[in-house]
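Student: For reference, the chains in residue letters:
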Amino acid sequence: MDIADLLTPDGVIASLRAPGKKQVLQELARRAASLAGLHERRVFEVLLERERLGSTGIGMGVAIPHGRVAELTRLYGVFARLERPIDFAAIDDRPVDLVFLLLAPESAGADHLKALARVSRLFRNAAICEKLRGTDNKDALYALLTDGSASAAA
Amino acid sequence: MDFAHRWLLAAALLIIASILAGKLSSRVGAPLLLVFLGLGMVAGEEGLGGIGFGESATGGIAIRDVHTAYLIGSAALTLILLDGGIRTRRASFRLALWPSLALATFGVVITAAITGLVAAPVLGMSWLGGFLVGAILASTDAAAVFLLLHQRGGRTSERLDATLEVESGINDPVAVFLTASLVGLIATGASPSGIEIAGDLAREMGLGLVIGAGGGVLLLRLVNRLDLAAGLYPILVLAGALAIFAGTQLAEGSGYLAVYLTGIILGNARLRAARLIGRFIDGMAWLAQIVLFLMLGLFVSPSSLLSEAGPALVVALALMLVARPVAVWLCLTPFRFTLPERAFIAWVGLRGAVPIFLAMFPLLAGLPGSASFFNVAFIAVLASLALQGWTVAPALRWLGLELPAVGDESERLDFDLPAGHGREVAVYRVAAGAPALAHDFATLPLPPRSRVIAVLREGVVQHRESLERLLPRDLVFAIVPPESFERLDRLFATGRRGTAAPRDPLGDLPLDAAAKVGEIADLYGLPAAVEDRDKPLAGFMRRRLHRSPSVGDRIHFGGVDLVVRAVAGDRITEVGLDLEPRALPFERLRLRTALRRPLLSLRRLLRRRAH
Numbered sequence: 032m033d034i035a036d037l038l039t040p041d042g043v044i045a046s047l048r049a050p051g052k053k054q055v056l057q058e059l060a061r062r063a064a065s066l067a068g069l070h071e072r073r074v075f076e077v078l079l080e081r082e083r084l085g086s087t088g089i090g091m092g093v094a095i096p097h098g099r100v101a102e103l104t105r106l107y108g109v110f111a112r113l114e115r116p117i118d119f120a121a122i123d124d125r126p127v128d129l130v131f132l133l134l135a136p137e138s139a140g141a142d143h144l145k146a147l148a149r150v151s152r153l154f155r156n157a158a159i160c161e162k163l164r165g166t167d168n169k170d171a172l173y174a175l176l177t178d179g180s181a182s183a184a185a
Numbered sequence: 009m010d011f012a013h014r015w016l017l018a019a020a021l022l023i024i025a026s027i028l029a030g031k032l033s034s035r036v037g038a039p040l041l042l043v044f045l046g047l048g049m050v051a052g053e054e055g056l057g058g059i060g061f062g063e064s065a066t067g068g069i070a071i072r073d074v075h076t077a078y079l080i081g082s083a084a085l086t087l088i089l090l091d092g093g094i095r096t097r098r099a100s101f102r103l104a105l106w107p108s109l110a111l112a113t114f115g116v117v118i119t120a121a122i123t124g125l126v127a128a129p130v131l132g133m134s135w136l137g138g139f140l141v142g143a144i145l146a147s148t149d150a151a152a153v154f155l156l157l158h159q160r161g162g163r164t165s166e167r168l169d170a171t172l173e174v175e176s177g178i179n180d181p182v183a184v185f186l187t188a189s190l191v192g193l194i195a196t197g198a199s200p201s202g203i204e205i206a207g208d209l210a211r212e213m214g215l216g217l218v219i220g221a222g223g224g225v226l227l228l229r230l231v232n233r234l235d236l237a238a239g240l241y242p243i244l245v246l247a248g249a250l251a252i253f254a255g256t257q258l259a260e261g262s263g264y265l266a267v268y269l270t271g272i273i274l275g276n277a278r279l280r281a282a283r284l285i286g287r288f289i290d291g292m293a294w295l296a297q298i299v300l301f302l303m304l305g306l307f308v309s310p311s312s313l314l315s316e317a318g319p320a321l322v323v324a325l326a327l328m329l330v331a332r333p334v335a336v337w338l339c340l341t342p343f344r345f346t347l348p349e350r351a352f353i354a355w356v357g358l359r360g361a362v363p364i365f366l367a368m369f370p371l372l373a374g375l376p377g378s379a380s381f382f383n384v385a386f387i388a389v390l391a392s393l394a395l396q397g398w399t400v401a402p403a404l405r406w407l408g409l410e411l412p413a414v415g416d417e418s419e420r421l422d423f424d425l426p427a428g429h430g431r432e433v434a435v436y437r438v439a440a441g442a443p444a445l446a447h448d449f450a451t452l453p454l455p456p457r458s459r460v461i462a463v464l465r466e467g468v469v470q471h472r473e474s475l476e477r478l479l480p481r482d483l484v485f486a487i488v489p490p491e492s493f494e495r496l497d498r499l500f501a502t503g504r505r506g507t508a509a510p511r512d513p514l515g516d517l518p519l520d521a522a523a524k525v526g527e528i529a530d531l532y533g534l535p536a537a538v539e540d541r542d543k544p545l546a547g548f549m550r551r552r553l554h555r556s557p558s559v560g561d562r563i564h565f566g567g568v569d570l571v572v573r574a575v576a577g578d579r580i581t582e583v584g585l586d587l588e589p590r591a592l593p594f595e596r597l598r599l600r601t602a603l604r605r606p607l608l609s610l611r612r613l614l615r616r617r618a619h
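Just so you know, the sequences run in chain order A and B.
Note that the first sequence covers residues 32 to 185 in our numbering.
Note that the second sequence covers residues 9 to 619 in our numbering.
The set of hints was computed from the structure by calculation and includes no laboratory data.
This structure is a prediction, so every number in the text was calculated from the model and none was measured.
Hints are supplied without guarantee of correctness; some may be wrong.
Chain B is faced by these chain A residues, among others (derived, beta-carbon under 7 Å) [what the hints assert, rightly or not]:
| # | residue |
| --- | --- |
| 1 | Gly68 |
| 2 | Pro126 |
| 3 | Ile159 |
Ranges between beta-carbon positions, derived for each pair [stated by the list, open to error]:
| # | chain 1 | residue 1 | chain 2 | residue 2 | range |
| --- | --- | --- | --- | --- | --- |
| 4 | A | Arg105 | B | Val538 | 27 to 35 Å |
| 5 | B | Thr581 | A | Arg105 | 16 to 24 Å |
| 6 | A | Asp36 | B | Gly526 | 46 to 54 Å |
| 7 | A | Thr166 | B | Arg481 | 46 to 54 Å |
| 8 | A | Asp36 | B | Ala99 | 43 to 51 Å |
| 9 | B | Arg541 | A | Arg73 | 53 to 61 Å |
| 10 | B | Leu475 | A | Met32 | 23 to 31 Å |
| 11 | A | Asp36 | B | Ile487 | 47 to 55 Å |
The beta-carbon is built from N, C-alpha and C at its ideal position, and this holds for glycine as well.
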């Protein structure tokens, strides 16, 4: 599975300014809702529900909020680069500034896990994270996110 | 008079050299004890120093006989065991008492027997002589293992730590008993019945337990009741432990067991000046290790060693590759250790100071050919330290048992609060790249019941109200309940290491241990049995593990693994979700699963025949 299968250039927010975790999730939910044609509120609640089971902050400044939405037909991703790191109650207590939202349809099954694994593998590449932090150009960000997937899959 | 001064100077210089060499060796990652051993050899009879043991000493300085060596050895071993006991937490017994007990009793006997079967023909000894070699080599040294692991910043699961630690504490008395009995058998030529031996064993261990426990409690009371100059408390403990050891030995009990037990009692009770005592005994145990290995290095003469090196190496390899693995396999089978865990325990049964000490027993009894016991012990310990010692950390990684290092404890200083209701004061020097640096001071994610009471920057106390953020090298004073030390270590003392973010072996995503199995199963499309759906993850994992949980334990769940991230006593408090569990070595070696399919088809075939 490639990042390009989940993420379109429209799903990239190059520089998000938000004071806290809740607002970041709200912004991401808004973008995902408009891409997938859902209610913003619906997506936000799914994300909150997931955070209740444990923070999706996976460490080293990265979070992968995610959840399942029955109405979807395919996987949707939204990436945001935060202007200022925020507290996400992450696994290593470090504040988060790279966020990748992943929504999966009810029927996704193993694909949901595969996509999550793919995304978490992408962000374990410290070089890519550094580059993502270093630019606020939307196209450059999209290229970094999807290029990595091509080379890592090969 | 000059004799005494020369002796003191030589001993002191050797110890200083050992400490300096040890510091150097940790840079290159060489097994520390090997360095002491080498230094002893260099200083020894045939080396540069010309210091000798025994009558054949050619140099000006000599320790006259093996009795002196035995005296030094007993005192050193007492200190090592006392320190081991003090460090052993009660929680270790919860996880590892029974497996360790099995390893320390049956394991020692099995190891000694198999090693003996190889040693007798290879070394040209009688069977009894062979078993004596086995008994001498049978006990392990956890201090050596942890020293090596921590030198490389590796960390194992608490269960492995505890098993190795407790095993090495209680297998010493058993190995001592076995060695002493065999030496007695060979020396007197008597053939006592099994009942007599069992009786002796029961008496030794029974007396060891009783005197150790009684003496330990007495010593504890004494320390807590008496008002002394602070510096005298560790000395009191030291003398008390030596008295307990020697007294038990004189009463024909196992002083080794007694002193280990005393250590456990002191280490787990509320003890006055606990840190002072702990540090002192820790230092003394270091000294004991140094002295024991130096002594062995001095004792051995490389020329006689060379002639026996070949056969001795065969024995050492048989011990490492056959005897120990078989013993571990058999002893741990009832305790649900996974294959990689068993392989690790088998591989890191490092031989340390005890075999060296035990090799003196035949010398003391004046057994014929007793020099070869010493040489074999020397080669086996050397081979074990070099081969196993150097590969402990890679083995841990290869077997997938390595856990993430917690914050650097060495950046922390802590003090008991006399009336702190179980809380302590900890002082941290904030590491560069520590997570705390990225938070505002006012919103530091501190665990419950802990507080920062002061911040010192370049020696100046900062106003907490006006402090925005911490800086690297700031000194942070915090009040902490002991259970939160690890979290604070992580917050203040872990720097950003390297450039690659390593994979967290405790899973990619954290999950609330109280979350219901059904919720997780639905979220990720995982299969869950109806009766499990309402169970919290913690209870579900606990049941599936069939054993006391320990950080790093994992269960397969659909295509993912659930990993224990944190425990409080017997309860799982944090769970990790590993999205892409790695295939571990030996995973395919699961005999039961591998055999299941052919067995099933065989059964089907038979059933069809029957119809």
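Student: Evaluate each hint against the coordinates.
Tutor: Each hint tested on the structure:
1. At about 22 Å, the closest approach between the beta carbon of glycine 68 of chain A and any beta carbon in chain B exceeds 7 Å, and the interface hint on this residue is violated.
2. Taking 7 Å as the C-beta contact cut-off toward chain B, the hint placing proline 126 of chain A at the interface holds, the least distance being around 5 Å.
3. At its closest, the beta carbon of isoleucine 159 of chain A sits 10 Å from a beta carbon of chain B; the interface hint therefore is violated under the 7 Å criterion.
4. Range check, arginine 105 of chain A to valine 538 of chain B: Cβ separation about 30 Å, and the 27 to 35 Å hint holds.
5. Range check, threonine 581 of chain B to arginine 105 of chain A: Cβ separation about 37 Å, and the 16 to 24 Å hint is violated.
6. The hinted window of 46 to 54 Å between aspartate 36 of chain A and glycine 526 of chain B is violated, with their beta carbons roughly 29 Å apart.
7. Judged by the Cβ atoms, the range 46 to 54 Å given for threonine 166 of chain A and arginine 481 of chain B is violated: they are separated by roughly 31 Å.
8. Distance hint check for aspartate 36 of chain A and alanine 99 of chain B: the Cβ-Cβ separation is about 47 Å, which falls inside the suggested range of 43 to 51 Å.
9. The hint said 53 to 61 Å for the Cβ distance between arginine 541 of chain B and arginine 73 of chain A, and at roughly 24 Å that hint is violated.
10. Distance hint check for leucine 475 of chain B and methionine 32 of chain A: the Cβ-Cβ separation is about 46 Å, which falls outside the suggested range of 23 to 31 Å.
11. Taken as a hint, the range 47 to 55 Å holds for the pair aspartate 36 of chain A and isoleucine 487 of chain B, whose Cβ atoms sit roughly 51 Å apart.
Of the hints listed earlier, those the structure fails to meet are numbers 1, 3, 5, 6, 7, 9, 10, in rising order.
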